[in-house]
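Student: Single-letter residue listing:
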Amino acid sequence: MPRMTDIDTETSHWSEDLFQTLKQQGVTQVSMVPDAGHARLIRLCEADPDIKLVRLTTEEEGVAMAVGCWLGGAKSVLLMQSSGVGNCINMLSMLTVCQVPLPMLITMRGDWAEFNPWQVPMGRATQAVMEEMGTLVSRADHVEDLAPLAEGTLRIAFNTLRPAALLIGQRLLGAKTFGK
Amino acid sequence: MATGKQLQRREVVKDLLAERGDLLVVAGLGAPAWDATAAGDHPLTFPLWGGMGGAVMIGLGLALAQPARNVLVITGDGEMLMGLGSLATAGITGVKSLSVVVLDNEVYGETGQQKTHTGYGVDLAATARACGFASTSLIRAESELAPLRAAIHAGEGPLFAQIKVASEQMPLVLPPRDGTFLKNRFREALLGADSHSAS
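Chains as they are written, first to last, in the numbering used here: chain A, 36 to 215; chain B, 46 to 244.
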């Protein structure tokens, strides 16, 4: 479920860094199920004539798209919220079986200061699920770590031909509270 | 509903892949992958052994990466039903070079011939039309295959064709199983030997 808080202005500075990382690494396909934490990055990608931004109905579509993208000689990145990781599980098999790179930038729900109990089970399972499916996972909880970890995630995915995820914690994003 | 001779899936795929030129092909897991292999194993055919529900999205990623080439996804009704959302995703991109052909036998042929939703009347061509595919058709006759092949090569899509085929089981004709081999073979044929060192 997309996060609906208005945190866009607070996130704009590090979204610029993430966008520059995508550009420097030659990414031309960005697929996404939106999250408020990614809102600024999504707009930057949409405004870039060299990036094809693809709206997904479910996150696993972005995993399959990355396979076709790599077959065609291009680079893809998937943006999603942690609740979407569960939707990807079986499709992630293709990335390891075929050695296809896919960096995934994942905004967390269900961790630090979460308000909604329904978000917690998938949030606490996100890293384990990813790792069980063969994905390298790193995690940013402090804003100064975000850009270097994002660059490392893209580099290790594209250079070693495997899925790699960066989890962006709610401590960094700001938790959704519904004013409570 | 079937009148006269039902189309035979192997013949349909052989027809659609005749004179394929520089067409890039993704074949969905199960029978469509065997059908594509029976028509001739080819480096620019990517046959799937998994990823059920993902065939259209693989075709979309490929079409976006290679805008000058036409891309054909051949899959089955069960595989398409698992990824119905991908029709909406592909439809709104409006990628003209992408064609999706569903070989619709109305059953899960690999698991004991259980009926799929299309056997209960779900209309995949109408679904694709509603999702924004520019050209959609429901095909039952052999005479419609040559025009379909021409349309796939014309690149005026996104195109979707639901082809009703007989549910008879055919001998297995298996493609290579090693996904990394299939991927590297495809990339080398498309991008050249440099594809192995580039990243």
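Among the hints, erroneous ones may be present.
As the list claims (entries may be wrong) - Negatives, chain B to chain A, calculated, CB over 12 Å:
#, residue
1, A110
2, R114
3, A133
4, T161
5, Y165
6, A170
7, E189
8, E213
9, D223
10, L227
11, S240
Stated by the list, open to error - To spell it out: a stretch of chain B is covered by chain A in this simulated footprint if at least three of its residues, at any positions, have a beta carbon under 8 Å from a beta carbon of chain A; those stretches are:
#, segment
12, 124–132
13, 142–149
None of these hints come from the bench; they were simulated from the model. Idealized CB from N, CA, C, for every residue including glycine.
Student: Each hint: holds or not?
Tutor: Hints, verified against the model:
Residue placement check: B:A110 does not keep its beta carbon more than 12 Å from all beta carbons of chain A (closest about 3 Å). With a minimum CB-CB distance of about 8 Å to chain A, B:R114 fails to clear the 12 Å threshold, and the non-interface call is violated. Annotated as non-interface, B:A133 brings its C-beta within 12 Å of a C-beta of chain A; the closest such distance is 5 Å. The Cβ of B:T161 lies farther than 12 Å from every Cβ of chain A, with a closest approach of about 19 Å, so its non-interface assignment holds.
At the 12 Å boundary, the C-beta of B:Y165 stays outside the reach of chain A, the nearest C-beta of that chain being 23 Å off. Annotated as non-interface, B:A170 keeps its C-beta farther than 12 Å from every C-beta of chain A; the closest such distance is 19 Å. Separation of B:E189 from chain A is adequate, the least Cβ-Cβ distance of about 27 Å exceeding the 12 Å criterion. Here B:E213 stays apart from chain A, with its beta-carbon at least about 29 Å from theirs, past the 12 Å limit.
Interface exclusion of B:D223 from chain A breaks down, the closest Cβ pair being 8 Å apart, not more than 12 Å. Interface exclusion of B:L227 from chain A breaks down, the closest Cβ pair being 7 Å apart, not more than 12 Å. Not every beta carbon of chain A lies more than 12 Å from that of B:S240, the smallest distance being close to 7 Å; the non-interface claim is violated. Under a criterion of three residues with beta carbons nearer than 8 Å to beta carbons of chain A, the stated coverage of the segment 124–132 of chain B is upheld, 3 such residues being counted.
Using a Cβ-Cβ cut-off of 8 Å, 0 residues of the segment 142–149 of chain B lie near chain A, which falls short of the minimum of three, so the contact claim is violated.
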